[in-house]
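Undergrad: Line by line, the protein sequences are chains A and B. Counting with this note's numbering, you get residues 3 to 115 for the letters of the first sequence. Counting with this note's numbering, you get residues 34 to 148 for the letters of the second sequence.
Be aware that one or more of the hints could be misleading.
Label pairs and their calculated CB-CB ranges [unchecked claim]: (1) B:Y72 / A:P10: 14 to 22 angstroms; (2) A:S29 / B:E91: 24 to 32 angstroms; (3) B:Q47 / A:S29: 36 to 44 angstroms.
Don't read these hints as lab results, they were simulated from the structure. Glycine residues also receive a C-beta, built at the ideal position from the N, C-alpha and C atoms.
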Amino acid sequence: EPEVTQTPSHQVTQMGQEVILRCVPISNHLYFYWYRQILGQKVEFLVSFYNNEISEKSEIFDDQFSVERPDGSNFTLKIRSTKLEDSAMYFCANQLRATDTQYFGPGTRLTVL
Amino acid sequence: DQQVKQNSPSLSVQEGRISILNCDYTNSMFDYFLWYKKYPAEGPTFLISISSIKDKNEDGRFTVFLNKSAKHLSLHIVPSQPGDSAVYFCAASAGAIQGAQKLVFGQGTRLTINP
Numbered sequence: 003e004p005e006v007t008q009t010p011s012h013q014v015t016q017m018g019q020e021v022i023l024r025c026v027p028i029s030n031h032l033y034f035y036w037y038r039q040i041l042g043q044k045v046e047f048l049v050s051f052y053n054n055e056i057s058e059k060s061e062i063f064d065d066q067f068s069v070e071r072p073d074g075s076n077f078t079l080k081i082r083s084t085k086l087e088d089s090a091m092y093f094c095a096n097q098l099r100a101t102d103t104q105y106f107g108p109g110t111r112l113t114v115l
Numbered sequence: 034d035q036q037v038k039q040n041s042p043s044l045s046v047q048e049g050r051i052s053i054l055n056c057d058y059t060n061s062m063f064d065y066f067l068w069y070k071k072y073p074a075e076g077p078t079f080l081i082s083i084s085s086i087k088d089k090n091e092d093g094r095f096t097v098f099l100n101k102s103a104k105h106l107s108l109h110i111v112p113s114q115p116g117d118s119a120v121y122f123c124a125a126s127a128g129a130i131q132g133a134q135k136l137v138f139g140q141g142t143r144l145t146i147n148p
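With the rest of the complex left out, here is chain A:
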């Protein structure tokens, strides 16, 4: 069964540094998402991406965040200047069609010191 993969599994960074989280979606899926889960809290939506542009973003997804799909396969989330409160598990998800199930990757644990 095709899987969503994410790298790295764990990223430790200093506050103010840039991080890039990578996701390899299931091939031929067209809709892409990033979610995050702060320890002990809900999984919360960050951004959706379709046809090479952002479809929707949450209020969490401010100017410090960006997404892109540079080579038609990898889907990346960049945080330009990390803050302590960005520490969380970040999950990418994708779906073939908007009406289909979203399939999640294993997550990247981001720790900001």
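Please build the complex by placing chain B on the supplied structure of chain A, with the hints as guidance.
TA: Frame of chain A, contents of chain B only:
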């Protein structure tokens, strides 16, 4: 933002018995509901879903019931097995026919199946 709520943070059930996990929602625009299972250090794994045009969907040991008038859904697992021990998340979305739609998650219920 409490659009999707799972009021039971934990549930303990004996192996072989039925597990019932509950979820309530407030947004009447939600038209698609899903249950995900999550193990520690892993991503959510899709279990079962239901569209708002149905009131029941069954897949093997898993059945999801939707009561639109009460804005309530439940997941039944029968018989429960030790491997079912995990955190279960209820999620909902609205208007998928219009394009990419975010999932709104509940807080999760930790299910423990006791041998």
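Undergrad: Taking the hints in turn, state whether each one holds.
TA: Hint check:
1. B:Y72 / A:P10: 14 to 22 angstroms: 19 angstroms, holds
2. A:S29 / B:E91: 24 to 32 angstroms: 30 angstroms, holds
3. B:Q47 / A:S29: 36 to 44 angstroms: 42 angstroms, holds
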